[in-house]
Amino acid sequence: MAPGEKIKAKIKKNLPVTGPQAPNIKELMQWYCLNTNTHGCRRIVVSRGRLRRLLWILFTLTAVALIFWQCALLISSFYTVSVSIKVHFQKLDFPAVTICNINPYKYSAVRHLLADLEQETRAALKTLYGFSEITSRKRREAQSWSSVRKGTDPKFLNLAPLMAFEKGDTGKARDFFTGRKRKVNARIIHKASDVMHIHNSKEVVGFQLCSNDTSDCAVYTFSSGVNAIQEWYKLHYMNIMAQVSQEKKINMSYSADELLVTCFFDGVSCDARNFTLFHHPMYGNCYTFNNRQNETILSTSMGGSEFGLQVILYINEEEYNPFLVSSTGAKVIIHRQDEYPFVEDVGTEIETAMATSIGMHLTESFKLSDPYSQCTEDWSDVQITNIYNATYSLQICLHSCFQAKMVENCGCAQYSQPLPRGADYCNYQQHPNWMYCYYQLHQAFVREELGCQSVCKEACSFKEWTLTTSLAQWPSEVSEKWLLSILTWDQSQQIKKKLNKTDLAKLLIFYKDLNQRSIMENPANSIEQLLSNIGGQLGLWMSCSVVCVIEIIEVFFIDSLSIIARHQWHKAKGWWARRRAPACPEAPRAPQGRDNPSLDIDDDLPTFTSALSLPPAPGSQVPGTPPPRYNTLRLERAFSSQLTDTQTTFPH
Amino acid sequence: MHVKKYLLKGLHRLQKGPGYTYKELLVWYCDNTNTHGPKRIICEGPKKKAMWFVLTLLFTSLVCWQWGLFIKTYLNWEVSVSLSIGFKTMDFPAVTICNASPFQYSKVQHLLKDLDELMEAVLGRILGPELSQVNDTRALNLSIWHHTPLVFINEQNPHHPVVLDLFEDNFNGSASNSPAPGRPCSAHRCKVAMRLCSHNGTTCTFRNFSSATQAVTEWYTLQATNIFAQVPNQELVAMGYPAERLILACLFGAEPCNYRNFTPIFHPDYGNCYIFNWGMTEKALPSANPGTEFGLKLILDMGQEDYVPFLTSTAGARLMLHEQRSYPFIKEEGIYAMAGMETSIGVLVDKLQRKGEPYSQCTKNGSDVPIQNLYSNYNTTYSIQACIRSCFQEHMIRECGCGHYLYPLPHKRKYCNNQEFPDWAHCYSALRISLAQRETCIYACKESCNDTQYKMTISMAVWPSEASEDWIFHVLSQERDQSSNITLSRKGIVKLNIYFQEFNYRTIEESAANNIVWLLSNLGGQFGFWMGGSVLCLIEFGEIIIDFVWITIIKLVALAKSVRQKRAQARYEGPPPTVAELVEAHTNFGFQPDLATPGPDVEAYPHEQNPPIPGTPPPNYDSLRLQPLDVIESDSEGDAI
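Listed in order, the protein sequences are those of chains X and P.
Just so we're aligned, residue 1 is where the first sequence starts under my numbering, counting upward by one.
Just so we're aligned, residue 1001 is where the second sequence starts under my numbering, counting upward by one.
Just chain X, same shape as in the assembly (with noise of 0.2 Å):
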């Protein structure tokens, strides 16, 4: 016999095959309910009489309904979380602070690329309004814009026309230029008449933006010409910026030295060589404090405006472009060391003439990715190439996006945002016609027509610094003197002007105290705790647990299942026995019973005897004693080891 057949044979032996112990399902099912350890169903075999027995079934089926929905509930809300707030008192990172001017460019160095565009925009602003002279309060040293080229043929007003619509009549418009009406055929938008319905009571200006062939254009107008020239003016301005080199450009802006006159942190000096150039297209040169050189992050261990950063920023209001911005002082933003700064969408301005005290509170947030909820700790799970460098953050991924979508619609890269891989900015020479696109296109963007919006998710942690700012008056009047003139030998090298107090700006930047605080999500729920819950709803409406659950299994499917196969097998067997022998001899029957008549059984309860089932006496009898009565010698089970031995000794 090989080894194994050896092995199952003792397997077999030992644990023999045995099927349910009940022979249909009927009592199949008796057995369950009268042993099985769940409280209900006992009590329906058990109750008498029909109604009770109804009721126990109901009140079992509703017990089974609501553990059912119950434990439902506890699995749909698995996914839940709980946020917890806590404050730590400790050393606190300095955020990076970037500061750029609000004015990109010194108009003095930029002026030579602007020039024309300059005067085509008073230009147009004498036909509309009437004026000409524009006379900067600061600057007057130069006013040879006049007539020099009064002759050449104005070409940015030729290619987006900026014109006068009367009221009621769109169709007729007053050429800002020429003077002359002429006849529109184009669609009119109004911008932002999408969202506020204005009553346009008097006059509306807007230009008119054509695509390649001059028959589909787009109109657009604005309440008010301030918006409109601006808004001209800057789409032609990034036309022109567009095709200037990065590095004359970091020229043309100021340098750091310009702009900061001193500068202090944590009751030490710095200077320039502590901040980091940052170029932004449309505020030309910025510089960022604590931007990670040298690897490491400057701290913060005592909170208070003297331990915190102290900047005086020369702001320089006659090199201001008089059409680009409109107002003086510097932009502030407090961000992350990996984050990118918005300079254009969030930051503080700040004034001249001021101190500005912008005291902080770190908040920090952590919010649980998927499945818990949409949000993405990196780039991995999010379809757009992400064009910054810098981490995920949500604005990030819509501007890129929309730089992506801009790169494939109009073949050029918008001007205020980074160049993707492969692209150009957008100018007139390469691309006549982007600025219709580019409207077109943000206009989808801004409707959410792009996408982009439902492909970008929020960034799941975030630092937050929320900022309490307040203005004071500085330099104070008695101390103006003294100071000014101090300032200005410090600045010596890089201005050779006395300084006045509205060129400088006071900056402090500091932790008002060091509590920081972590918003954090945690998983509401673990699964030792779904599982404890979903026991203590079983446990609570029937007495259930895993072993009644495999008990289910093990009745409801293994066991009716064997016995409805062995029922069925039976049953071919038995008509495959009648098909072959239609008569079959009797098998006799089975002798039931004892055939002892001096032996009465108990129905009740086993005896001794019946116990052993002893066969009958012997017929020879011994005359004279009767048997014992074994009934007293009914035995409980301490005794059951020596029966064997009573046994034995009983034939004799």
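Hints listed in this document are in silico derivations from the structure and should not be mistaken for laboratory results.
Beta carbons are placed, not taken as given, at the ideal position from N, Cα and C, and that holds for glycine.
Errors might be hidden in some of the hints.
Sample of chain X residues facing chain P (criterion: CB under 7 Å; computed from the structure) [what the hints assert, rightly or not]:
id: 1; residue: Ala-9
id: 2; residue: Thr-348
id: 3; residue: Thr-352
id: 4; residue: Ala-353
id: 5; residue: Ala-355
id: 6; residue: Ala-390
id: 7; residue: Thr-468
id: 8; residue: Ser-470
id: 9; residue: Ser-532
id: 10; residue: Asn-533
id: 11; residue: Val-547
Following the hints, complete the assembly by docking chain P onto the known chain X.
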């Protein structure tokens, strides 16, 4: 004796377990327990038996594991937070108001005269003759100067920086490329630094500045601190701005108030500060309505023309909102209000209430912090700011021997000044930038459990308007100075509105995330889920274990007894007679037991057996059962005694 009896009885009771062998016990347990698994082990076929055995073991271990997890979670002492936002009647915050300039220049001029002259001379030296207006022919008090002078450091040659005292034309370093006397240096060639010396000038450090502005400002502040530290407190208070000069008008809700409703407090940086609604002596005022009309309205006069010119360059009012009975750390948490402007501040009270030990490391009242709170002189509550400043002062006293002017003094200590502590400035500047000191303090101080912040929404407008300017100034001047002329100016006047916003509180309250009820219900849930068990099942199990122990004891004693008896008495050898044998022996005389085996049985009880009498009823065999137990019982009694 009685006690012993009861003890014995109790012991006997306990012994009457559900069986006399391990197997019986286990079978009985499995049959009768309420946990679901074990029952199935005994009432099934061998295959299922094995399966159920494995399953039961598996479930038991699962339950134990999960219980371990739950208990561990419970012992983590996690908290859950609840957030509530709304409006309710609340105590109006305490409002501290200071002037940005600590003193009136007209009153401190005599103290600062020497220093100011020196400062002007310094400026003259730095700026050069054509830029400076002063002629430095006046006799200067150079004793202040020689203590901590400002120097030029010419770093054109980075290996040999030239150090040049501002008032000396000779050079300390190498004599190469000397600038012309009278115009020592220009900004791009030289940096201004401060020389700090200690131990009578033996060790010196230079504190470098990137700009001359910072250098002269820091130098002046250091010197002024030195001067003010020697002036007694009452005089300092007298030199500051009095309340009636500062506070021109006050309105709280509809109620008029005046400067007497403000509690004065002296702040080293800002001089006289005044606290509204501090709640120290009387009850705090509540505000029951949102909006400007129900808040605090103030008109202040900063008197900008009387500022100390070199000490403060920023003009405006300094204000801060804080809790009642807490010290205002106005330099850290205060905001500015601008002159000539109306500043409106909407307030939201952001409260965080934490549970203390063991949930978080916070302190209720600061009593368990190892640092003496120096601000307790003001009767204020504990705050971590107070702790950190006290800690700094403690370090300062330990290192430098004197207390810093900006922080309160411990008992019997003095503020630092140049006369008594000549090298304090050197010591202080080293301590100030020492990170180790700050970290020790951060480590030693604990946060307080209740943290209240006032979130402010600040907006500004020009005030007074040009049209109303004239009459407002007339009225205010008349009220304050009883003069018909205008004594105020737009440059000094500040209007403040402080009020509750529409939602005035946001309370974040911590509560225990996992309490004992949570733990029990989860333990019950787990036990019920896997095995259908309850606490009673655990008790059952404990009972079984006791029985088990008893059986073991019984067996051991029996073993010991039998060994002893075997040695002592030969007749106790062998197994006790079986019932059947005894039955035979007593009832059936015609029947003789097998002669080969019964030898010892027959001899076992010869003295106990009466001579057989025919017709005797069978003996009560039940009593026979006790035979082996009797032996043991007597033994265990012996053990118990």
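These are the hints, each one checked on the structure:
| no. | hint | verdict |
| --- | --- | --- |
| 1 | Ala-9 | 15 Å, violated |
| 2 | Thr-348 | 12 Å, violated |
| 3 | Thr-352 | 14 Å, violated |
| 4 | Ala-353 | 11 Å, violated |
| 5 | Ala-355 | 5 Å, holds |
| 6 | Ala-390 | 29 Å, violated |
| 7 | Thr-468 | 6 Å, holds |
| 8 | Ser-470 | 4 Å, holds |
| 9 | Ser-532 | 3 Å, holds |
| 10 | Asn-533 | 6 Å, holds |
| 11 | Val-547 | 4 Å, holds |
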